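Student: Listed below are the residues making up each chain.
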Amino acid sequence: MALDRWLALVLLGVCVAYGYAAWFTMDGSLAPFMKRNPIWPSTFPKVLSVLGIIAALVILLGLEKSEPKAADIDYRRLGEYNLGQALLLLALMVAYALCLRPLGFLISTSALLVLGSFILGERKWHIMLPVALIAAVSVWYLVQVVLGIYMRPLPGILGG
Amino acid sequence: MLEGFLIGLQTALSVQNLLMVIGGCLIGTFIGMLPGLGPMSIIAIMIPVAISMGDPSAALILLAGVYYGAIFGGSTSSILLNAPGVAGTVASSFDGYPMARQGKAGKALTVAAIASFAGGTIGALLLMIFAPALSSVALLFHSAEYFALMVVGLSAIAAFAGTGQVAKALVMTLLGLIMATVGEGALFNLPRFTMGIMDLQSGFGFITLAMAMFALPEALFLVLKPKDLQGDDGKIKELRITGKEAKAIAPVIGRQSLQGFFIGVLPGAGATIASFLGYAVERNIAPKKEQDEFGKGSVKGLAAPETANNAACTGSFVPLLTLGIPGSGTTAILLGALIALNVTPGPRLMVDEPQIFWAVIMSMFIGNLILLVLNLPLIPYIARILTVPRNYLIPFILFFTLMGAYIGQNNATELLILVGFGICATALKFADYPLAPLLIGFILGAMMENNFARSMQLYDGVSFIWERPMTLGLLAIAVILVALPSYRARRAKARQDGVAEGD
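Taken in order, these protein sequences are the chains called A and B.
Numbering follows this note's numbering, in which position 151 of the first sequence is assigned residue number 207; successive positions increment by one, without gaps.
Numbering follows this note's numbering, in which position 297 of the second sequence is assigned residue number 305; successive positions increment by one, without gaps.
Hints are not guaranteed to be accurate.
[Unchecked claim] Chain A is faced by these chain B residues, among others (derived, beta-carbon under 8 Å):
| id | residue |
| --- | --- |
| 1 | Leu182 |
| 2 | Arg248 |
| 3 | Ile249 |
| 4 | Leu384 |
| 5 | Asn399 |
[Claimed, not checked] Quick list of the computed label-pair ranges, beta carbon to beta carbon:
| id | chain 1 | residue 1 | chain 2 | residue 2 | range |
| --- | --- | --- | --- | --- | --- |
| 6 | A | Tyr197 | B | Leu17 | 45 to 55 Å |
| 7 | B | Leu133 | A | Ser85 | 31 to 41 Å |
| 8 | B | Asn418 | A | Leu113 | 17 to 27 Å |
| 9 | A | Pro94 | B | Asp207 | 26 to 36 Å |
| 10 | A | Ser194 | B | Ile488 | 20 to 30 Å |
No lab work stands behind these hints, which were simulated from the structure alone.
What you are looking at is a predicted structure, and each value in this text was computed from that prediction instead of being measured.
C-beta: ideal position from N, C-alpha, C; glycine also.
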């Protein structure tokens, strides 16, 4: 089974779960005065879930023929691309999300930029570090002062 | 009309807004030039900046400038490197790149700039004429018609998705609508589908979703498969075109501005379709001698897609500004930004806030002029950005994606949602699922449900569907739009199998 049909199966699961929630779990807690309304909060989701299940089934059962075309990246040969780098970058982004508050904006951002270039194979530290620092400080300045959105610049223990 | 014209001129010519146009065009050109980054990612990245400015006219002017600039920048990399930065400029590389190979890169860029300028300007003129007319019709619409109109728009997007893609586009649209129902809903503000998670109470963030759908997968694709950026490093010189060439492209520009604009107005058919169609049409109607030149460096073949894609970009603003229904991913993002700024585009926009509408149109003229006057001489220098190593570029793209999602909500959980959705979107992109319908569905979802709920309450049930002829008609169009492609595909297949074709 090709990837697009596997994904259709996943989406079908999503639609079924959504439909279950809409059809069976939402209406019980509705207040009596709401039940007199012609439309309930669950009406629109009910319609959507049915349509979604039908459309996902159409793909899953291959009812609509499509000609195979050369994709930009062939997922069957994913290992031949720079998969490791992509995964590491994703992990780096998750780490950034977790560190942004505790470590502060400046340290996390510089680390993200430096490590990002490092993962991609850059080794010129004398360029990487200044570029990352300048970018981090200037973006922080723009967001904090020009746009007026507070971002904690330094780690919490330093009182930032 | 004249009054609106002057209001717009007054707003657009303020120093701040002029700077916005110039800045937007330059940023758009810069980033649009990078292969792999389309206008949707760029606009998604620029949205937090635009929203925090707080002035809707300025924000829309900035974003429209970025949009234009991105298309213009995309054609530059198509011509110089044969690496289109934007899907809408793929057709420009058919003739632009051969011209550059023949040492006529400067000339190709000039032709592209003039064609874009003419396409954009004529498009803006048409917008000025058609938008007010359309919006006065739209003022007669009832919420039932609005609901039906949105259904038509969404099904048109699915119908234009191409052979074998209709079901996929439909699923993505429905998924977008489903995601829009998460959070506090249209009726009674009851929280729905939050699974008890507080962070989902207000629904998914639109910027987060836009970033996850466009910017992140594109960046990941750049990591997975580095594009070869080695062009002919020849100097760009001789920007002038001859009178004969100007004469040759003038009728092409005229035809393609009109055609491109009207294709752009249709929901789902944007700059990409307009440019391919424009190229095909011009090749077919060209005399035999010139037809052979297409694909080998014909000025006509370059002018046609360039004019058409810019005119289509302008055309796509018509449904956005008059009906409040975006027809493409880019205008959907613009709509999201406008809603965040407390402006609801639609027929009332021209009555309630005419300065926004007219300022945008005026800034389109100014933006086109700036792209012509400012960018053309600067192109040889701007093209240097193509030599920025990707080792530096990609971390910055990722960083701006994260930043955009973060400063909108000031919530680190949003970043995790971003990465999660980004991975899902990349997988969907692998399997050739279109991503723009999801975002359009997501943005239209709340509006659609509101209009649906309102008409249900007015008619105390679903009877509004058959009691209002216009609603019924629109919904019938929607059904036909979805059914037609699969019917045609089936008939084509039957014909292949040797089945006789009935009348």
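Student: All hints, please: hold or fail.
Tutor: A quick look at each hint next to the structure:
no., hint, in the structure
1, Leu182, "holds, 4 Å"
2, Arg248, "violated, 37 Å"
3, Ile249, "violated, 34 Å"
4, Leu384, "violated, 29 Å"
5, Asn399, "holds, 4 Å"
6, Tyr197/A <-> Leu17/B: 45 to 55 Å, "violated, 34 Å"
7, Leu133/B <-> Ser85/A: 31 to 41 Å, "violated, 55 Å"
8, Asn418/B <-> Leu113/A: 17 to 27 Å, "violated, 41 Å"
9, Pro94/A <-> Asp207/B: 26 to 36 Å, "holds, 32 Å"
10, Ser194/A <-> Ile488/B: 20 to 30 Å, "violated, 54 Å"
Figure legend: structure checked against the earlier numbered hints; hints not met, in rising order: 2, 3, 4, 6, 7, 8, 10.
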